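J.: Okay, here's what each chain looks like letter by letter:
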Amino acid sequence: DGGITQSPKYLFRKEGQNVTLSCEQNLNHDAMYWYRQDPGQGLRLIYYSQIVNDFQKGDIAEGYSVSREKKESFPLTVTSAQKNPTAFYLCASSLQGEAAETQYFGPGTRLLVL
Amino acid sequence: AQSVTQLDSQVPVFEEAPVELRCNYSSSVSVYLFWYVQYPNQGLQLLLKYLSGSTLVESINGFEAEFNKSQTSFHLRKPSVHISDTAEYFCAVRFSGGYQKVTFGIGTKLQVIP
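Residue numbers (the working numbering), protein chains in the order written: chain A, 1 to 114; chain B, 1 to 114.
So the derived label-pair ranges between C-beta atoms look like this:
1) B:LYS109 with A:GLY2: 28 to 36 angstroms
2) B:GLN111 with A:ASP59: 23 to 31 angstroms
3) A:LYS83 with B:PHE14: 38 to 46 angstroms
4) B:GLU58 with A:LYS57: 33 to 41 angstroms
Taking lysine-lysine and the DSS-like style, the derived pairs with C-alpha atoms no more than 25 angstroms apart in a straight line are:
5) A:LYS9 with A:LYS71
6) B:LYS101 with B:LYS49
7) A:LYS9 with A:LYS70
8) A:LYS71 with A:LYS57
9) A:LYS71 with B:LYS101
10) A:LYS9 with B:LYS109
11) A:LYS70 with B:LYS101
12) A:LYS57 with B:LYS101
Sample of chain B residues facing chain A (criterion: CB under 10 angstroms; computed from the structure):
13) VAL4
14) GLN6
15) TYR36
16) GLN38
17) ASN41
18) GLY43
19) LEU46
20) LYS49
21) PHE90
22) LYS101
23) VAL102
24) PHE104
25) GLY105
26) ILE106
27) GLY107
In short, the hints are calculated from the structure, not lab data. A quick note: this is a predicted structure, and the numbers were derived from the prediction, not measured. We put the CB at the ideal spot given by N, CA and C, even for glycine.
The whole structure should be built from the sequences, with the hints applied where relevant.
T.: And the structure:
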């Protein structure tokens with residue numbers, strides 16, 4: 001079945017530690033996105049990528065980094081510079097271009113700080 | 001800048017009663033509008049979308065939304081809710097033309113009471 005997978009489902013981070021969240025899609029989508037979800041704040045865009053080897057900062061990129069070496073994969077690293085990382089992280093993908101394509105979401109990763 | 005306002009953070013409603021979840025957006029250009037649904041600890045799923053044409057759009061599970069350009073609204077309605085409709089609902093907007101990021105509202109939690 002086509003879709004988006006995120007791993008792990010839960011992730012625990014210690015102080016000063018970098019952690020990486022995985023996102024893989026087999027929908028052949030060019031565009032991929034990372035969102036952070038906090039209660040009462042909806043979804044906020046962290047980074048997005050429209051094509052392999054290219055990505056742009058979203059609204060809250062500080063303390064995060066990404067890479068897009070393969071079309072199928074868009075991992076997100078939460079660095080030690082992110083002082084409040086506890087949140088639910090959602091990865092999404094979509095087709096590209098001017099058409100208003102639907103975004104397809106993964107099941108999410110919940111990050112907790114120890 | 002585009003923005004989305006969901007006026008109600010929580011909406012309790014009895015089973016089989018009608019419901020309306022409100023969504024207003026601000027934009028001076030043409031937009032595409034979406035409603036997504038999120039069940040607990042899951043990603044978002046597209047419920048319905050307005051791109052062009054008929055201003056009334058429907059989903060397969062009985063929800064409908066009407067695009068009202070003069071009031072810049074895209075309210076979601078269902079004439080009779082079921083327990084399984086309990087979820088969080090997000091309104092989203094995207095500018096038409098070229099690549100534009102999607103802006104999400106803060107979400108409305110629909111609680112269906114037996």
